[in-house]
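**Q** Here's the letter readout for the chains.
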Amino acid sequence: MNCNKLILAIIASSLSSVSVSLERLSDSTLSNVQGQSGLTIEQSQLLNIDDLSYIDDGNSLNIQGLRISSQTDVNASSSQRYLLDIGADGALSIEATVNPTQLHIDAIRINNSVGSFGDLTLNFESVTNFSIKGMSTGGLEGSFATGISNADLIWQTNTHSMSFEDIAFNASIDSFTFEYDAIDNTKGFTRTGLAFGMDNFDFSFSTGALSLAGVSLGELSGDLALSANLQVFGGGRYGTQGLTLHSQVSILSDPTNYVKFTDDGNSLYMGNFSGSLNVTNLTLDVESGHLAMGFDQLDGAFNAGTILIGDSSRPIGSVELTFLFNDDDLNGRYNRFQLYPGIRQPDFNLMPTGIKTYAENFYSGMTPASEGLSLATQWNLANAEVAYIDDGRRVVFSGIESYGSANTTIDVRDQKIAIGISDLKGSYSIDGLKVGNDSAQLQGGAELLLALEVYQAMDFDIDGFTEITAGGVSGGGIRINGDYYFSNANIGLSVDENDNGIWATGVNYDIHLRDITFDVEGDGIQINRGEQWSTMDVANLRWGNKTDGRSLGRIKLERFERNSLLAISPGGAGEVCVGAAAVSAVTCGAAGGRWEDRGEQGMTVSLKAAFSDAGTTTDGSAQARNRFTWENNRSESSPGEYINDTGTQMIFDNYSTNDGLGTSDTNSYGLQANLNIDVFETKVLKKTDGVDANGIAGDLGEELIYDDSSRNSYTYIATPNEAQKTLRPLGFAVQGNVSFKELNIDSVQLKHPDVVAPQAVFYGVVMQNLNLTTNLTATPIQ
Amino acid sequence: MIKKIMIILCFMPTFYVFALEPLAEDELQKVLGQGGVYLSGDITINENGGPLNDASDASTPAIWQANCSGASTNKRCGARIAVNAGDGANSGWLVLDNIRGRFSFEGMTLKTRTINDGFSGDGVLFDNDVLEIGLPNKVSYGDVSYTLANSSKARPTDVGFNQTDILNVKVDGDVTMRGNLLLFPTGTP
Chain A
6 MNCNKLILAI
16 IASSLSSVSV
26 SLERLSDSTL
36 SNVQGQSGLT
46 IEQSQLLNID
56 DLSYIDDGNS
66 LNIQGLRISS
76 QTDVNASSSQ
86 RYLLDIGADG
96 ALSIEATVNP
106 TQLHIDAIRI
116 NNSVGSFGDL
126 TLNFESVTNF
136 SIKGMSTGGL
146 EGSFATGISN
156 ADLIWQTNTH
166 SMSFEDIAFN
176 ASIDSFTFEY
186 DAIDNTKGFT
196 RTGLAFGMDN
206 FDFSFSTGAL
216 SLAGVSLGEL
226 SGDLALSANL
236 QVFGGGRYGT
246 QGLTLHSQVS
256 ILSDPTNYVK
266 FTDDGNSLYM
276 GNFSGSLNVT
286 NLTLDVESGH
296 LAMGFDQLDG
306 AFNAGTILIG
316 DSSRPIGSVE
326 LTFLFNDDDL
336 NGRYNRFQLY
346 PGIRQPDFNL
356 MPTGIKTYAE
366 NFYSGMTPAS
376 EGLSLATQWN
386 LANAEVAYID
396 DGRRVVFSGI
406 ESYGSANTTI
416 DVRDQKIAIG
426 ISDLKGSYSI
436 DGLKVGNDSA
446 QLQGGAELLL
456 ALEVYQAMDF
466 DIDGFTEITA
476 GGVSGGGIRI
486 NGDYYFSNAN
496 IGLSVDENDN
506 GIWATGVNYD
516 IHLRDITFDV
526 EGDGIQINRG
536 EQWSTMDVAN
546 LRWGNKTDGR
556 SLGRIKLERF
566 ERNSLLAISP
576 GGAGEVCVGA
586 AAVSAVTCGA
596 AGGRWEDRGE
606 QGMTVSLKAA
616 FSDAGTTTDG
626 SAQARNRFTW
636 ENNRSESSPG
646 EYINDTGTQM
656 IFDNYSTNDG
666 LGTSDTNSYG
676 LQANLNIDVF
686 ETKVLKKTDG
696 VDANGIAGDL
706 GEELIYDDSS
716 RNSYTYIATP
726 NEAQKTLRPL
736 GFAVQGNVSF
746 KELNIDSVQL
756 KHPDVVAPQA
766 VFYGVVMQNL
776 NLTTNLTATP
786 IQ
Chain B
22 MIKKIMIILC
32 FMPTFYVFAL
42 EPLAEDELQK
52 VLGQGGVYLS
62 GDITINENGG
72 PLNDASDAST
82 PAIWQANCSG
92 ASTNKRCGAR
102 IAVNAGDGAN
112 SGWLVLDNIR
122 GRFSFEGMTL
132 KTRTINDGFS
142 GDGVLFDNDV
152 LEIGLPNKVS
162 YGDVSYTLAN
172 SSKARPTDVG
182 FNQTDILNVK
192 VDGDVTMRGN
202 LLLFPTGTP
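Chains as they are written, first to last, in the working numbering: chain A, 6 to 787; chain B, 22 to 210.
To be clear, the hints were calculated from the coordinates, so they are not data collected in a lab.
Possibly wrong hints are sitting among the right ones.
[To be verified] Residues from chain B shown here face chain A by an in silico Cβ test under 8 Å; the list is partial: (1) SER61; (2) ASN67; (3) GLY70; (4) ASN74; (5) ALA100; (6) ILE102; (7) ASP108; (8) ASN149; (9) GLY155; (10) ARG176.
[What the hints assert, rightly or not] Taking lysine to aspartate or glutamate pairs in the EDC-like style, the calculated list, with each CA pair at most 20 Å apart, reads: (11) A:LYS430 / A:ASP333; (12) A:LYS756 / B:ASP108; (13) B:LYS159 / A:ASP704.
[Claimed, not checked] Reference excerpt, derived from the structure (chain B facing chain A, CB under 10 Å, subset only): (14) ALA106; (15) PHE140; (16) LEU156.
A quick note: this is a predicted structure, and the numbers were derived from the prediction, not measured.
Quick reminder that beta carbons are idealized off the backbone N, C-alpha and C, glycines included.
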C-alpha cells in the first residue's frame, strides 16, 4: 500500500513551493511566549504538479495537472494563515484560514489511459479550527470545526461543464480519536489498521445552484448529525495492495436533520432523520484499466419522520427503510463497482434493433479519448422493507429483493448531462404487504402498486439513454429526453411468494420520451410529459408461473401522447362519505353511507393523459398511434414458442382524446384521473358462514376486527363498537375521479391471419362527457 | 395498469367464465398461494354532470352547457357512448346517452390462486392458476339511468345531428351477487 508515499509526495511537493523560513526560538524565548497568542504562520502558495500517481500492485491512478493557486490568476499564489497555540491541557490548537483559493485537476487517468474522468475545479475559502493531543492509551484525540464558503465545484468533460455554485459547508466534530489499534480478521488472517472515532459529527451544506450552461437544475441543502467509527487497513480485494475500510455510522435522531431540493423557491423536503449504516470490507483497488470498489455487506436503516412536497403545512407522512446488501457466493451475485476513465461505448451490434440507432446517435462524436465516467456495476439486495406511515397507520412493502448488473456512462455535453445505460440486466421482486406493524403476517396486495405502474416483480434487460438539461416549465427544474428498450422482460402483475400468479412474459417495451420536465411547485411535484410514444409487446400473458403457465395470447399496446401531465401533491381525501352523497357525518349516515375521516396526511396523484391522434412524432423519427391488439391462435415455431402476427387479432385502433368536437379539435383536457390516496381502516365483511381459512368462525356479513393493535389475531363481529372500528384491517383508501370530454376510437377491428388487412367491426366509438368518481378501499387479504 | 387489465378482461369473448357454487371452507383451506385485494366502495357517474357541461369554460359548445346539480334532469348531464356498427359514414350510430348513477358494493375480491383440488375431483385435473373475482354480496344501485337511442351523428355538435330516443332506463335497489368468477386462459395462445 502506497498511501504513505502519496502523503509524503504531497507534503514534499507542497514544501517545494512554500516560501516560509523560520528561525529557531531559544528555550528562554519560548518560556516567555507561554500563555501568549501562539504562533502565526502566513503562507502563500502556488502549487503545480504535472503528475501525481498512486500505485497499487503496479497499477497507477494518475492525477495530472494538479494546481493550487489564486482564484483570480492561476499563475499567482493563494494565501493561507495558520494560528498555532498550545493549550493548558497540552493540546495543539490550530486555526487555519484559507483565503480564496482554486484547486484544479486537468485529468484523472488509470495507467495514463487515453480517456480521463474529466477535469475538476474547486474554488473555495475556509476557516478551520482543530485541536489535537495525545491519548494516554496511545493515539490522538481532539475536536474539529470547519466552515467553507463562496465555493464552486465544476466538473468539465470535453469542454462542457456542470457546476455546483455558491456552496457553503459547515462541519464540526465534538470529539474524535485516531489510533492504530484496529484489528481485522475478515480475510482469514489478522491485520492491524487505523481506527477513527467521531462523536457528534454535525454538518450542513447548501448550494446556490446546480447549474448546466448557466441554467439551474435546482438547489440542494441539508443538515445531518451522526456518530461514526471507521477502521482502515492496508490491502484491498485484489493483489496485495489497496485499501479496506469498515464503518459503523449512526444517524443521530435529531429533528433538525434534513435534506431539501429547491426549485424556484419551492422545495421537496425530507427531515427528522434517524438511522444507521454499517459497511463491511469496503475495498478500493487500482486495476489495469479501472478503479475497483466493492463491499461484502452494507446494511442499515433510514427513517424520515417528515416529508413535504411544496406545501410545508401538509406533510404526506413518513417513511422507514431497512436494507441489506450482501455478497451471495452461491448464486454469484456481488456488490462491486468498476470506475473507468473516459467513455466506454457499448457494442451496438449486440443491441436490439429497436434501440440500436438511438444508441449510435447518443454516442456519436465520442472517441476513446473522450472525457467522462464509465461504470460497471453489480448489486445484490438481499432484503429490504419499506414502510409508509400515514397519520400513524403503517403499511410495509416487505421482502424486496433485487440483483443485477449494468454498464453506465456519464458525461457533460452541450448544456446536457448524458447518461447511457446498457445491459442493465437483473431482477426484482416484492413478497407482499404487512399492515399495522412489521411483525404482522405477510399478505398479498402489492398489486395495488400497479396503479402507479410499479410492478410486483420483474426480470429485465434494459438499454436506455438519457439526456438531462436544466430548466423545467418555469425557471429552474429538470428536463429529460430519453430512449429506452426492455428486451424479453418478464413482468409479475399479481404473483405470490413462490412466483406464481399472472405474468406478462417475453415483453419487449420500446419507450421514447421528449421534453419531460420535472418542477417543484407550491402545491406539489409536477411532471409534464411533452411527447411520449411507446410500444409494449407482450409475447404471452400467462396464468401460473412465468415459464410455462397457460397463456392468454399476445398483447400489444402502442401509446402516443403529447402534453400529458402527472402531479403529486400532499394531502389525501380528508373527510369522505362512502356510499352516498353527503357533506357531513350525520347526513351521510342518514343517506345510507359511511363517513370516514382519512386525516391530514396522504397524497394526491393527478394524471392527465392526452392521447394523440395518429401521426408523426415531432422529431420525425417515427409514426406513432394509440392502439391495443390482442392476438391468439398463433402458429408454433416449436412447442410452446408462438410466432407473432400468425394468429387472429382483435384491434382497438387509433384511440385518442380531444376537447369534444372530434379528432380535429384541441386536446387540452385529455383523460384526467385524480387519486387521493390514504392508508385507512377498511371494512372487511365475511363472505360465507362458517370457519374461514385460518380457522376463525363467523357468519356472512360480519366484520373482521383485529383483537388488539398487534393485529396478529382477529374475530368476526356483527356490530363493532367505535373502539373496535379502530382495529379494522388497514388498507389503501382511494378517492378517485376519472373524466374526459371525448375519448374516440377510430375503429374496432378483427384480423384473420389469411387476410392482409384487418376488417372493421365498429367504424367508430365516441365516448363523451364522462365524470366518474370512486371511493374505494383496497385491503390486502390472505 | 389496472385499467389495462380491465380492458383485457372486458374483451375476451373466448374466455371461459365460470360462476361456481361457493367453496366449502375446508376446500378453501386447500387453496394454495397468497391472497389479493378486497375492494369496497362506490362508483358514481356524472353526479354533477361532466366536463363538457362546464358553462364557465368558453370553449364548451352551447349544446352541452347545462346546470347539472344532483337534482338536474337535463339530458345533456350524463355521459354518452356512440357506436357505429354499420359501414362508417353512411350509417347511423347506436347511442347510450345520459348515463348517470351510483353503484356501491362491499367486498369484491381480486386474487390469483391455484386450483388443484375440490370441484368434485375436477380441480385435480385442472391443476392451474386462475384469476378469481369474488363477487360482492350486495351491489346497491342509486338513481342509475341511461337512454338508448339512435343518432344520425356521433356528437350532438356535429352538423346534421338528429337523435331518436328509444327507451329510458332507471334502476334503484339492491342486487345480491354470490360466488366467484374464475378467469383463465384456454385454447391456443
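**Q** With reference to the structure, classify each hint as holding or not holding.
**A** Results of checking the hints against the structure:
1. Against a cut-off of 8 Å between C-beta atoms, the interface hint on B:SER61 holds, since the closest Cβ of chain A lies about 5 Å away.
2. For B:ASN67, the interface hint holds, the least distance from its beta-carbon to any beta-carbon of chain A being 5 Å, beneath 8 Å.
3. Restraint check, B:GLY70 versus chain A: the minimum CB separation of about 7 Å is within 8 Å; hint holds.
4. Here the hint on B:ASN74 is kept, as its CB sits about 7 Å from the closest CB of chain A, short of 8 Å.
5. For B:ALA100, the interface hint holds, since its Cβ comes within 8 Å of a Cβ in chain A; the closest pair sits about 4 Å apart.
6. For B:ILE102, the suggested interface contact is upheld, since its CB lies about 5 Å from the closest CB of chain A, less than 8 Å.
7. Below 8 Å, beta-carbon pairs count as interface contacts, and B:ASP108 has one with chain A at about 7 Å; its hint therefore holds.
8. Residue-level restraint check for B:ASN149 holds (minimum Cβ-Cβ distance to chain A is 6 Å; threshold 8 Å).
9. Residue-level restraint check for B:GLY155 holds (minimum Cβ-Cβ distance to chain A is 7 Å; threshold 8 Å).
10. The criterion of a C-beta within 8 Å of any C-beta in chain A is met by B:ARG176, whose closest approach is roughly 6 Å, and the hint holds.
11. For the hint pairing A:LYS430 with A:ASP333, the CA-to-CA distance comes to about 17 Å; that is within 20 Å, so the pair holds.
12. Simply put, A:LYS756 and B:ASP108 have alpha-carbon atoms about 17 Å apart, close enough for the 20 Å limit, and the pair holds.
13. The suggested pairing of B:LYS159 with A:ASP704 holds, with an alpha-carbon distance near 15 Å, which does not exceed 20 Å.
14. With its C-beta approaching chain A no nearer than about 6 Å, B:ALA106 sits inside the 10 Å limit, and its interface hint holds.
15. The restraint placing B:PHE140 at the interface with chain A is violated, with a minimum CB-CB distance near 16 Å, outside the 10 Å limit.
16. Restraint check, B:LEU156 versus chain A: the minimum CB separation of about 9 Å is within 10 Å; hint holds.
In the structure shown, a violation is registered for the earlier hint numbered 15 alone.
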